[in-house]
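Top line first, the protein sequences correspond to chains A and B.
Numbering (this note's numbering) for the first sequence: 1467 to 1637.
Numbering (this note's numbering) for the second sequence: 62 to 1005.
For the record, the hints were derived by calculation from the structure and aren't laboratory data.
All C-beta atoms, glycine included, are put in the ideal place defined by N, C-alpha and C.
Worth double-checking, as some hints may not be accurate.
[Claimed, not checked] FRET-style restraints, in silico, Cβ to Cβ: (1) B:864 with A:1628: 45 to 51 Å; (2) B:784 with A:1603: 33 to 39 Å; (3) B:374 with A:1580: 42 to 48 Å.
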Amino acid sequence: MISILKALWTVFVHLFKRKVTVLYPEEKPYIPPRWRGRIILARDPDGGERCVACHLCAIACPVDCISLQATEDEYGRRYPEFFRINFSRCIFCGYCEEACPTYAIQLTTDFEMSEYNRRNLVYEKEDLLISGTGKYPGYNFYKVAGLSIKGKDKGEAENELPPVDVKGLMP
Amino acid sequence: MVTVYIDGKPYQVKAERNMLDVCLSLGMDLPYFCWHPAMHSVGACRQCAVKQFRDENDKKGKIVMACMTPAAEGTRISLKDPEAMEFRASVIEWLMLNHPHDCPVCDEGGECHLQDMTVMTGHAYRRTRFKKRTHKNQYLGPLVNHEMNRCIQCYRCVRFYNDYAGGRDLGVFGAHDNVYFGRHEDGVLESEFSGNLVEVCPTGVFTDRVLKKQYTRKWDLQTAPSICVHCSMGCNIIPGERYGTLRRIRNRYNGEVNGYFICDRGRYGFEFINSPERIGEPYLSSGDVPSGDILLLSGKEAGDAKILKGRKILKEGEVLPHLRAVIGGAKGIIGIGSPRASLEANYLLGRLVGPENFHPGFSAAESVLVRQMVSILSDGPVRTPSLKEMAHADAVLVLGEDIPNTAPILGLALRQAVRQKPMERVIREMKIPQWHDYAIRDAMQEERGPLFMATAAGGRLDGIAAGVFHAAPDDIARLGFRVARALSPNAPPIEGSFTEDALSFADRAAKALREAKRPLVVSGTGAGSLAVLQAAANVARALWEGNRNAALSLVAPECNSVGLALIGGPGINNMGIKDAVKAVAEGRADTVIILENDVFDRLDLPDVQALLRARQVVVLDHLPNHTISSLHAGCVVLPAAAFAQGSGTLVSSEGRAQRFYKVFNAPSGRTAESWRWLRDLLVDLGRPGSESLFSLDEVLSAMGREFPAVRGAVEAAPAADYRIEGMKVPRQPHRYSGRTAIRADIDVHEPKPHEDADTPLSFSMEGFEGQPPAPLTSRFWAPGWNSVQSVNKFQSEVGGPLRGVDPGRRLIEVTGMGRVSYFTDIPGPFTPRADEFLVVPLYHVFGSERLSAMSPGIGELVPPPHVVLNKTDAESIKALSDMKEARIDFGFASFRLQVRPDPLMPRGVAGLFPYGFPGLHGVVLPAWGKITAPENARREKEEK
């Protein structure tokens, strides 16, 4: 009897507290910028794909929902031939973003991904690629890597000396 | 054994080792770069620093390199000493100064020794702010990629390539910190072992260029233990698959067989498996080819031509009833086996058609040779050695076999064998331990042990041989008989004259072999001469009389030739496939089942026509070949699994039965191992006993009961019901990625993994995670050791056998005295004919094996076909001297080829090079042929 009265009292007190229910979707809740929502693939500041198909996101993924195939353009720049995330398996843990050495894969604040058909939750590279740099502006992996690509030959990366003349004998 | 103390604990270890070797053998983690278990110590990289103490009272100690410290009695070292650990971390830091920020785009990433060692020493943060040195890369051919920025100057590449494998075109250039490893200019690496640079290089300077085309990380590859099918040596390999295509092949260490290295043909010859021309479905050939007509089309042409377009695909459920009807309506069936198909497939074909109708798919000449070879090895007194033993021989005589091209890995073993004698002298006289590599090499200088080569034409081993002799097969055989006679008075005497060169060669070879402790005679079927084989057997026997350590190694033509000869039974027939032709021609059989064999390679053209005129021909194979494109209407073609798509057993030249396991299921879904097609057919026909032939194990044990010679094949690997702690061994690494996304574009519901009832391996990442028994080892990986260097953790001691025992079971062991006595059939000296040449096969490592030559990477390296003639011969043929092409006429077939005059070629002999080039079909070599200038070429010349 006492416990029922106690419960009634608790409910009554809550009548005068601030409401927590939000009239979603008319009213949007606040989403912090570090929210782990829908995954995207970002681009370099000069517009190239940031993903270099290193497979680290795929191996970091605890539910194995990322699969990709590496390929190269004629100048040796590596990129994913296909890049697939099965969001129906994704648990939005963010390990892929943590593992990514090039800031290519990023989790965004978008969480509105409900679908009637599970197949629509399988995102290919076209669906994942955005046109900007996402959360990390400025970074360009190939500018700091030793690999030469189109427009950047050996020794032209940041912090690099010009290629060695092997035949030189100067000390 | 001596007692050494490591971090205060005593260990009993072998005395002739160094402390790095000892630490790794004891399972400890000590970083290193320049040391390699096969190439030993040079002390260049300073990475394996440890602290050594004088005695138990010495608390100060000094830093030494473990790889240069002998394991002497009472040696005290510390791995965990803080100063040593700091030293090791700073060495890595120096090495990393110029190492580029490449790991995400580097093909070595995830299996990089430099990554592993960096993590092991704890160097995690880059402090230097200076600029990085850079290098230009070189084009090194279609197999190996060069990215010189990543180099850490460990010198392993040149030590392997030049010192170990005898290459000459990879060197070190530049000075001080600009040292550059490469060729003098861009170009294809010459050595047939260049692919090993990928595994030898501790970082990503040399990477796999074929894998690069569709790059996959090591952790994403589905792998299973397998055996190389591109020659008869039986090297152990690990093929890796991803997304339904085979991506690469890595060496699988086997202490008795290939050790740490495989040749490029084995490493890069796999691409034929991924060919778009693969036969994917069972079908009936179209009616376009009139019975008995020969259409010489390559696989691609056959695909484009109507032949494949007009075919009728047999649907699921139609195949067996159709085959039942074919076999039911046959007036007689013969089966043609294959030396490149598994033991199991050949056995079941024999069972299907009956032993009297089973013809091992050898050509008539090959059949005689392989049978003779097996009889010499199993009934003679001389033991056939493993590759490891051959690398330790101290005198070698090679008779007639072009080793670097027909059995490349044996060539590598012989390159080590020539070092044995001088090395033993240096170790004995100068007291230098064997692992002290540069000291030994410095002391040896250019001194080499005795290697005597008698072959038809010049070869890559000639440069390191003490004696070289080039002659026609008969003369090589005579030389062998002469050596045998010089070694033992019991050997048959030989009459007739010899040239001075031959006499001196024979005397020197006999002397060297007699003086050797572990003499070795190598020969094989490559020369196509029975007399050569018999001569080699005589030499070995003569040696054996005085030295029981004498060994005889005979090279078989294909990966399962020996196995096929063991179950082909000498009593059945001796003419191989030729008997099959006879049976069809005489009307004793009207239905032929051809197992993984292109009969154009085994028969002369008229015989092929006779054989394919049979009422019904059933072919099981991977790729369209000439046999398949020449089938007449209604013949059945069944898609057979290639080596990595099936499981089975092969028998190498050594007589070692080794199991290869299915790495992945063929993407077509209707492709099955040949033995499975044949088993299904046996069951469907309700043959007695076929109900107990369900699994691979049952087939193997049934075969063992019928053929005691191959009974041991059952023991080559654990049976299918083998479990460790109740679990199967997974084919996928525990870090395999993408499981729930790979097929998500087709279906979001993940399918059940394929069942594998035939092996203890599973198509999954789940299962036993520790080290499985050696025959089931699908990959080399250990915690902290992601690179191939982790093989140390799988061996009972560094460079020794794998834990347990090295995989494979030898089927041929000598039994006491032996029933084969001396061969007395000595041929007369070879006399050139006036109007004909003896056309012999000349092999090339790339091109002489058909399957590997179909792989794009290897295909690029196949030399253009030509005919090699002695210079004088070439000049003597009228009108040929100033004409580049010649016509070689065998009567029933002729070929037009470029001529290459060669002073080393014996007179009267013509060599077709590389034997097996596309277009060379319907001729079995050696054969006599006429060589003339081509008709139209001559006319053109006259017109001018």
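Exercise for the section: Output the numbers, in ascending order, of every earlier hint that fails for this structure. Expected result: 2
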